[in-house]
Amino acid sequence: MASTDFSRTIGGHHHQHGFGRSQALFARVHLDLPLTLLILLLACGGLLILYSGSAQDLNMVKRQAIHFGIGLSVMVFAAQLPPRIYQNIAPWAYAVGVIALIGVLVMGVGAKGAQRWLALPGLPRFQPSELVKLALPLTVAWYMARHPVPPRFSHLVKAIIIIGLPTVLILRQPDLGTSILIFASGALVLFFAGMSWALILSAIGLVAASAPLMWFFVMRDYQKQRVLTFLNPESDPLGSGWNIIQSKTAIGSGGIDGKGFLQGTQSQLEFLPESHTDFIIAVLAEELGLIGVLILLAIYSLIIMRCLYLSSQCETLFGRLLSGSLSVTFFIYVFVNIGMVSGILPVVGVPLPLVSYGGTSVVSLLTAFGVLMSMATHRQR
Amino acid sequence: MWEHSFRDKAAERRLFRSRAIVLALVILALTAALIWRMTYLQITLHEKYKDLSENNRIQLRPIAPNRGLIYDRNGILLAENVPSYSLTVVPERVHDMDQTIAFLDSLIGISERDREQFEKRERYRRRPYEPIVLRHKLSEDEIAQVMVNRYYLPGVDVEAQLVRHYPQGEAFAHVLGYVGRINQGEQTKLDADPETKRRYSATRYIGKLGAEKQYEADLHGEVGYQKVETNARGRIIQVIEQQDPVPGSDITLHLDSRLQTLAQKEMQGMRGALVAIEVATGGILSLYSNPSFDPNLFVTGISHKDYSALRDNPDLPLFDRTIRGQYPPASTLKPFIGLAALDAGITNWQETINDQGWFQLENDDRLYRDWKRTGHGIVNMERAIVESCDTYFYEMAVRSGIDTLSPFLGQFGYGRDMTLDVINALPGLLPSRDWKKQRHKSFWYAGDTVNMGIGQGYMLATPLQMATATAVLANRGVWKVPRLIYAHNDTIDDIPHGDIPDIKLKDPANWDRMYHAMQEVITGLHGTARRLLPNLQYPMAGKTGTAQVVGIKQDEEYDSEALRERLRDHALFIAFAPVEKPEIAIAVVIENGESAGRTAGPIAQSIINEYLGGAEG
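Taken in order, these protein sequences are the chains called A and B.
The numbering of the first sequence is this note's numbering, which starts it at 2 and goes up by one.
The numbering of the second sequence is this note's numbering, which starts it at 9 and goes up by one.
Don't take each hint at face value.
What the hints assert, rightly or not - Derived DEER-like restraints, expressed as beta-carbon distance ranges:
1. A:Lys-63 - B:Glu-237: 28 to 38 Å
2. A:Lys-63 - B:Asp-199: 51 to 61 Å
3. B:Glu-100 - A:Leu-263: 21 to 31 Å
To be verified - Residues from chain A that keep clear of chain B, each with C-beta distances beyond 12 Å, as calculated:
4. Ala-28
5. Asp-58
6. Leu-121
7. Gly-206
8. Met-215
9. Thr-278
10. Leu-291
11. Cys-315
12. Ile-339
13. Thr-361
Hints in this document: simulated from the structure, not taken from any laboratory.
No residue lacks a Cβ here, since even glycine has one placed at the ideal position from N, Cα and C.
Extracted from the complex, chain A is given alone in its bound form:
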């Protein structure tokens, strides 16, 4: 069976050596040792790159370390909660998320023509779309797990409505990147639930056909501009093409072994924009070269494969669907960010998971890992 090889390479927890004992110890507190170690490794590497990408701003690195501290605490806490609780709060979290998204459209705050933040009195300012990133797959998994799999068409239609509502609301902010990611996280649940290939292929065909309609009726000017710039960055080298030209220059000039840590001229001399957030991979690529990039991609791949393995180990269908979606969504973040910075995808503001600076992103990603570990480690009595 193919899954045996798969579990041996990615999992391999059958040995009872030192690592195995720690693993068992971790399992008792509902954590997965390999995944936790990989996350910590990524976090440490991320902080180092951030030190360089932030123009050696130690305060920023400290703040990001605090974000990790909070995020890891939330992850551990989330892992302790049994899957049943998530199942029970799923529709409520979804409802709160959707109401918050409507609130953003009505009274949100933001910058550069987009409203993304909700500032409620007595609460810290937050982006409701971050809440929905978790709440949507949670809810779709909850809904799909209530019915037998593979799902019936009528269930799929209802699931699509559940997915579509927040997607459209985020699109209205407007935030094309996030709405695509949110949609994907829900769609992935349907895929894992066994949605038929015929339907999958026709859905892909439908999306492809509707792309021109999106262009004319949905996309805002700045979004169109991004796509145009993506197709031909040199058309506006000082405006919107600047970012992508500079990031490609940073990556390309890094070569195989890079210019050396803190030695990247593109990053250190401020040619590279957003070098501590969305474009941070270019800092890594410039200073540590292709070798650094391959190491980073290796860590990401190990994390994702481990997550997929853990997903398959979940006891409940709900757990599997949710974990599978969270795992693949994590990869989508990685792929979209690196693809954007290296110029094979248009610029959509997606941070590099656990490396880009930003508290909300770090905490919500680590929360997702906590949920995933909860699904994978809790056993029904």
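Dock chain B against the given chain A, drawing on the hints supplied.
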């Protein structure tokens, strides 16, 4: 709530695993795509991006050379470079331009005009990230205001630069010209030639008029370079290597600022021109047109208001009368007509005519009147010069004929621009039979020759031409090409005088007799310039002239006092001194000055006295 059998659960797991494997494969494929992309950028295109990143970081910055200074013959500074502080903006670095400008306006005041100019410069700028000047001439206080608020003003900076300054102001405005910002047309021209494009790569100012334009190539200097490492904001991190610019040559002109400022003082309130030439060298001692203007206004860009005031001034301060004012030479031409007649052998110093107050051509009823209605009576050449007898010269001109007069006068530079380095000088007009046929499609009539005898009719000359002809006359026909340039740096320029043939009279004694006659213009009892006698310090030869104002019909009526003033005759005076060994030749034209003896003459005399007095003292 819902139940699944064990078998269902196993099927579920299988389904999930197969889907997970599919996605794992997709993920691996997409990761491979990322690796392929990174490899392509970092290995295949590494060299290209390495160069791009170096170009980003390393900039070759041209450094403008300091413009050469301009001195007068006494070593007095006529054009210098003074530091000036300008407010510059790099538009790429400014988040909200309107807000930034509004803020700057509240700090130091940005006028509507500054904004207009800024927008214009922004449109026509050469390189991205190039700072654009928003305001010139910041005071110390204004610099402090900007610097204190610099944190709120990204992209805004204060830049020190050297700006041209003309300490003598109005006195030299026309002859020196001025520098101004390189405009779009000039830039296109400079860019057309790679060599000038390189030389001007850092230069912002260029000579627009006068000597500044003529000697642009010498004054400009050689551009320098600085290889610098900059950050994305264009701020220099370090200088890697530098090649200093070579400043332009300093030039010394023949001009004498004592004469130039005296001319300005003497001509106050008048419209006119004064040109003085050093006879031995052709060096232009003074080239002054009144009224003048402040050239400093033009350097950093003249305001619309100032410019309209200059342009709409009825006295035309922007008009350089010395080289572009073309006047009938009038009676100042008589010594030359006289020499022509003598040299052609159609008269001599003894021959007399009887002037009844008018001249008449054969078969023609028209009377050509003398300025003295009653006539001068019996006159010979000398008396005709001294008293400026028109009838005598009508007669001589007709006897000589246009075919003799025109080439003879041409030898003195009439009708041609003979200057070495005076830019934009007009050639005047020396009429001839051919010229009239071409220009007016008409024959040359004897009447045309009559008018030419007293320097009227078609004939036109600029004050510079009159002074040049006088200098050649004073130098016994030996040509010294009129010139401004005296020296480059400390090397005196030895520029040959070209192949202009010197004028050889058949009897050289005619020079001296003519000098004597012109001397009598001042010293003679009936000399037209006898008013100069009381102040005569050096033996001086001169000739007055009164030019009728053309273009206004006699029967038209003008009520306004100002317009009537403009109908008065122009007063002209040419002179040289000392007679026995001429050092300075001069021509003065005072528009509507009426009496040459009263207006133009005294001005010429005080210049001569100043020059010769200064030279001896």
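Results for each hint:
Separated by about 30 Å at the C-beta atoms, Lys-63 of chain A and Glu-237 of chain B satisfy the suggested range of 28 to 38 Å. The given range of 51 to 61 Å is respected by Lys-63 of chain A and Asp-199 of chain B, whose C-beta atoms sit roughly 52 Å from each other. As the Cβ distance of Glu-100 of chain B to Leu-263 of chain A is approximately 26 Å, the hint placing it in 21 to 31 Å holds. Interface exclusion of Ala-28 of chain A from chain B stands, the closest Cβ pair being 20 Å apart, more than 12 Å.
The non-interface label for Asp-58 of chain A is consistent with chain B: the shortest C-beta to C-beta separation is roughly 16 Å, beyond 12 Å. Distance check for Leu-121 of chain A against chain B: the nearest CB is about 29 Å away, which clears 12 Å, and the non-interface claim stands. At the 12 Å boundary, the C-beta of Gly-206 of chain A stays outside the reach of chain B, the nearest C-beta of that chain being 18 Å off. For Met-215 of chain A, the shortest C-beta to C-beta distance to chain B comes to about 22 Å, beyond the 12 Å cut-off, and the non-interface label holds.
Every beta carbon of chain B lies more than 12 Å from that of Thr-278 of chain A, the smallest distance being close to 16 Å; the non-interface claim holds. For Leu-291 of chain A, the shortest C-beta to C-beta distance to chain B comes to about 4 Å, within the 12 Å cut-off, and the non-interface label is violated. The Cβ of Cys-315 of chain A does not lie farther than 12 Å from every Cβ of chain B; its closest approach is about 9 Å, which violates its non-interface assignment. Here Ile-339 of chain A does not stay apart from chain B, with its beta-carbon only about 5 Å from theirs, under the 12 Å limit.
Listed as a non-interface residue, Thr-361 of chain A keeps its Cβ farther than 12 Å from every Cβ of chain B; the least gap is roughly 24 Å.
When held up to the earlier numbered hints, the structure conflicts with 10, 11 and 12 and fits the remainder.
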